[in-house]
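Visitor: So the protein sequences, as listed, match chains A and F. The numbering used here puts the first sequence at residues 21 to 519. The numbering used here puts the second sequence at residues 21 to 519.
Don't take every hint at face value.
For chains that are exact copies, the list does not tell them apart, and a pair is met inside one copy or across any two.
[As the list claims (entries may be wrong)] Cross-link-like lysine-lysine pairs, in silico, DSS-like; alpha carbons within 27 angstroms at most: (1) K327 <-> K116; (2) K33 <-> K116; (3) K236 <-> K224; (4) K335 <-> K41; (5) K115 <-> K33; (6) K327 <-> K476; (7) K493 <-> K33; (8) K236 <-> K338; (9) K335 <-> K33.
In case anyone wonders, no lab produced these hints; they're calculated from the structure. These figures come from a predicted structure and were not determined experimentally.
Number of protein chains: 2
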Amino acid sequence: MTSDALYHSYRAKMQKIADVKYASAVLQWDQETYLPSAGNERRGRQIATLNELAHQLFTEQGLGDVLLELNSREDLMPEAKRNAALSLEDYHRNKKLTSDFVRRMSEVVNTAYHAWAKARQENAFTVFQPSLAELIALKKQEADMLGYEQHPYNALMNDYDRGLTVATVDRVFESLKPQLLELLRYINSKTQVDNHFLHQPFDKEAQWKYGLEILKRMGFDFNAGRQDISLHPFTTNFCSRDVRVTTRIDENDLGNMTWSCLHEGGHALYEQGLPDDQYGSPLGEYCSLSIHESQSRLWENCIGRGKPFWEYNFKHLKTLFPKQLNNLSANQFYKGINKVVPSLIRTEADEVTYHFHVMIRYEIEKALIDGSIQAVDIPAYWNEQYRIYLGVTVPDDKRGCLQDIHWSHGSFGYFATYSLGSLYAAQLYAAIGRENPSLEGELASGKNNSLHTWLKKNIYGHGRYFGSEELCKLATGETLQSSYFINYATGKYQQIYSH
Amino acid sequence: MTSDALYHSYRAKMQKIADVKYASAVLQWDQETYLPSAGNERRGRQIATLNELAHQLFTEQGLGDVLLELNSREDLMPEAKRNAALSLEDYHRNKKLTSDFVRRMSEVVNTAYHAWAKARQENAFTVFQPSLAELIALKKQEADMLGYEQHPYNALMNDYDRGLTVATVDRVFESLKPQLLELLRYINSKTQVDNHFLHQPFDKEAQWKYGLEILKRMGFDFNAGRQDISLHPFTTNFCSRDVRVTTRIDENDLGNMTWSCLHEGGHALYEQGLPDDQYGSPLGEYCSLSIHESQSRLWENCIGRGKPFWEYNFKHLKTLFPKQLNNLSANQFYKGINKVVPSLIRTEADEVTYHFHVMIRYEIEKALIDGSIQAVDIPAYWNEQYRIYLGVTVPDDKRGCLQDIHWSHGSFGYFATYSLGSLYAAQLYAAIGRENPSLEGELASGKNNSLHTWLKKNIYGHGRYFGSEELCKLATGETLQSSYFINYATGKYQQIYSH
Chain A
21 MTSDALYHSY
31 RAKMQKIADV
41 KYASAVLQWD
51 QETYLPSAGN
61 ERRGRQIATL
71 NELAHQLFTE
81 QGLGDVLLEL
91 NSREDLMPEA
101 KRNAALSLED
111 YHRNKKLTSD
121 FVRRMSEVVN
131 TAYHAWAKAR
141 QENAFTVFQP
151 SLAELIALKK
161 QEADMLGYEQ
171 HPYNALMNDY
181 DRGLTVATVD
191 RVFESLKPQL
201 LELLRYINSK
211 TQVDNHFLHQ
221 PFDKEAQWKY
231 GLEILKRMGF
241 DFNAGRQDIS
251 LHPFTTNFCS
261 RDVRVTTRID
271 ENDLGNMTWS
281 CLHEGGHALY
291 EQGLPDDQYG
301 SPLGEYCSLS
311 IHESQSRLWE
321 NCIGRGKPFW
331 EYNFKHLKTL
341 FPKQLNNLSA
351 NQFYKGINKV
361 VPSLIRTEAD
371 EVTYHFHVMI
381 RYEIEKALID
391 GSIQAVDIPA
401 YWNEQYRIYL
411 GVTVPDDKRG
421 CLQDIHWSHG
431 SFGYFATYSL
441 GSLYAAQLYA
451 AIGRENPSLE
461 GELASGKNNS
471 LHTWLKKNIY
481 GHGRYFGSEE
491 LCKLATGETL
501 QSSYFINYAT
511 GKYQQIYSH
Chain F
21 MTSDALYHSY
31 RAKMQKIADV
41 KYASAVLQWD
51 QETYLPSAGN
61 ERRGRQIATL
71 NELAHQLFTE
81 QGLGDVLLEL
91 NSREDLMPEA
101 KRNAALSLED
111 YHRNKKLTSD
121 FVRRMSEVVN
131 TAYHAWAKAR
141 QENAFTVFQP
151 SLAELIALKK
161 QEADMLGYEQ
171 HPYNALMNDY
181 DRGLTVATVD
191 RVFESLKPQL
201 LELLRYINSK
211 TQVDNHFLHQ
221 PFDKEAQWKY
231 GLEILKRMGF
241 DFNAGRQDIS
251 LHPFTTNFCS
261 RDVRVTTRID
271 ENDLGNMTWS
281 CLHEGGHALY
291 EQGLPDDQYG
301 SPLGEYCSLS
311 IHESQSRLWE
321 NCIGRGKPFW
331 EYNFKHLKTL
341 FPKQLNNLSA
351 NQFYKGINKV
361 VPSLIRTEAD
371 EVTYHFHVMI
381 RYEIEKALID
391 GSIQAVDIPA
401 YWNEQYRIYL
411 GVTVPDDKRG
421 CLQDIHWSHG
431 SFGYFATYSL
441 GSLYAAQLYA
451 AIGRENPSLE
461 GELASGKNNS
471 LHTWLKKNIY
481 GHGRYFGSEE
491 LCKLATGETL
501 QSSYFINYAT
511 GKYQQIYSH
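Could you build all of it, start to finish, from the sequences and the hints given here?
Guide: Set out below in structure tokens:
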């Protein structure tokens, strides 16, 4: 068979697998947005079946044969070569998990999700504990099946950021921690800024419309995506021409919707910017969850909590909510939306204390997976860490270890990418600014064009061609350095809290 | 293996197939309700892949072996026996179509659907014609692959109503036609009733809320279903605990939304009433599309255009739209909503002339499949038939042969079930009334309980255990007799048009 024909057969197989995976994503999107409650149970098994089928298709001997043959060919174009190499890597990885295991995982996740939801409702971790223990056991088994060096948690983090290790994350977090604590001490010594204006009644319908407008202004293409409401905001996609974001609206908090739109919008722009002609292939996929998160955090924080963005947008926001905002200056608004205060809930945390929330979860997961602690130990461990890192007392499980959905989804190894994403975001933002000194001026006049062009060229367009570190180096000239975030945060918050 | 274990394995396999089929249905539902336009193309292939996989799973030798063995066992309970027999029948049928053919059909359908939409937009049948010709060729091929006696169209009708033949439908239609024409002549000789009150501005949001209320009053369970908006109203389900209806709202026509809700609501009550513990098995499925349509037409017409229903509901409707309806009596309303007038659009037709719309499509499909006419002949043939049957001149393709979505979906053999459904509905309605002489009194006081109980016992609960004719005989004491519809319609319309 010619290499062309072989590559074509590879692409066709991968596209079919993508069809099934994206179908599963549609069912999950529907589950979070529109599914009537009584349909939940069957939906769980429908998703499990699709995941099992996708896994079966991706472990078929026929695909393996094509991939091995393809990787032996010398006459492939660079893109084809890279696709073939990445897919073979994925194939080997998938092969390590049996279809039974994948189905079992999917089913336990479904039970665990409902147990978690019930536990939250009843504000009792014990309701979630048995399912969680089962999930952790499966996750340990998964780590063993996948294999790892040094730490079993590496096998799981690898799912979200290829090659990411405990050694790397420990090193990054160790360099970040003292500097963040120092910044936090500085902030605590100053007069707190006022953000009460965010916590007034804001009409739901008006917020919804404003959210759509934010997305539009960011450059989100509504012909190739949509926004809906869900309990927890998320972004998903069924191809790069169908990207769905969700948001939630709190009638007494304008911030909830606003920065969830900016955050998910950042994810969504990345997905809409991926090469559509690579549907089903690695080069049509995002680089890693760390880089994905860099895109959401770039928009949510570097841009969306920045002065230039609000210089342009605050006037308009005022016209939408005059009663609530008319007495406010742009500077007061800017300061208020950047209030730093230790708190209980990760998703509501400011960008400084946010990292401590992530570090706590990272430490807990590491310990759960290497067996140093068990599911039953989580609440006590969690509460103790919040006392140490953030100096806050966790009043109950709902505002403690039950707050995040990830564990109920079986997502262990995910959290570190949140912090890494923020660090990447700061480093990217600095690089964009270096290359285009008028960036902030453009943002202040509502222009995103050069920003989009840069992101498309340096991030979106590459798909999974490069790993996180390599992509970062290509885009910014260096691998990940936490100093960029530290400089960004220190400069920003010393100015905000200077008086 | 014990018969129990064998049956269990059969059920597990069938449930997995159901998972994939229902997943495909979710993707189709999303396509009609929320899909952003740019996502259409990939969605088409995602659906095609799921259909292909479902077909592959349903033609696996392993399933065939289990089915053959199961059907040889003597110790099965009646329900298990029936499931096994029906699934074996389905299996043999599926085996006749190759996976390639199923995928090809799914892909051509996707192209055809878009061609049809474009043709409608441009009001030009020629835009749709090439795709349609391709589909017809595939449908002929399908009939040949499936095999048939007497007429190839029998093979296709069999998909929608097992065992239905051209001979049967011809006979029913021949008995119906002269009587309907006589009734129509009678009506035409009388003063026309007035329904202009339906064609006033009715606020969209108010109509939407009223539609939800209609469904609620019918007994639709919103924990196990929902309503959304789509271009063409339809009902779909992803298990009997997740049934989705859609409606459309015309701001200048209250009738469009109202009777589409009642119609789809009738379908939905059937789906919600099917045995949920039979998920994936024939006994968890509807009997046939004719019987399905009997449920929608029962609610839309026998009940929803009946005096008792509006005796109860009209007062409430008036409170919602006082400006539009305050000067109207219940009797004027009743007469108006039953206006009989030959028209161009099937879905807007009254229940008398409706049958002619169906007969025309039925004759065209028969002729297309046996080759007496070709796709290119459709517009002329269509327009001629409308002149003959209904005495109307078709002004353009949009209001002619492009009006229905079915052909673009590859649904040939479907239309006859619409008329049969109406006939079944009249026969069922008569039977319910015989058994419970206070039925109309109950409806007039807003009570549906005994109606629901009867339908659950005689229709819903049986799933696919019986064929249409058998089910009808068990429920009403006779196989299908068009005389019930004739008597119902003659009685009703002679009263309405008597003065």
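Visitor: Within a copy, between copies, both or neither: which one fits K493 and K33 at a CA-CA cutoff of 27 angstroms?
Guide: For K493 and K33, the Cα distance exceeds 27 angstroms both inside one copy (33 angstroms) and across copies (50 angstroms).
Visitor: Pop the pair K115 and K33 into one bin, within, between, both or neither, using alpha-carbon distances up to 27 angstroms.
Guide: both (16 angstroms within a copy, 23 angstroms between copies)
Visitor: Can you tell me if K236 and K224 fall within 27 angstroms by alpha carbon in one copy, between copies, both or neither?
Guide: Answer is both; intra-copy 19 angstroms and inter-copy 26 angstroms each pass.
Visitor: Give the relationship of K327 and K476 under a CA distance limit of 27 angstroms: within one copy only, between copies only, both, or neither.
Guide: within (24 angstroms within a copy, 64 angstroms between copies)
Visitor: Treating 27 angstroms as the Cα threshold, decide for K33 and K116: within, between, both or neither.
Guide: both (20 angstroms within a copy, 25 angstroms between copies)
Visitor: Please work out whether the CA atoms of K236 and K338 approach to 27 angstroms or closer within one copy, between two copies, in both situations, or in neither?
Guide: within (18 angstroms within a copy, 41 angstroms between copies)
Visitor: For the identical chains here, do K335 and K41 meet the 27 angstroms Cα criterion within one copy, between copies, both, or neither?
Guide: neither (43 angstroms within a copy, 51 angstroms between copies)
Visitor: Within a copy, between copies, both or neither: where do K327 and K116 come within 27 angstroms Cα-Cα?
Guide: neither (49 angstroms within a copy, 67 angstroms between copies)
Visitor: Measure nothing new, just compare the shortest in-copy and cross-copy C-alpha distances for K335 and K33 to 27 angstroms and report within, between, both or neither.
Guide: neither (51 angstroms within a copy, 60 angstroms between copies)
The structure fails hints 1, 4, 7, 9 (numbered hints given earlier, in ascending order).
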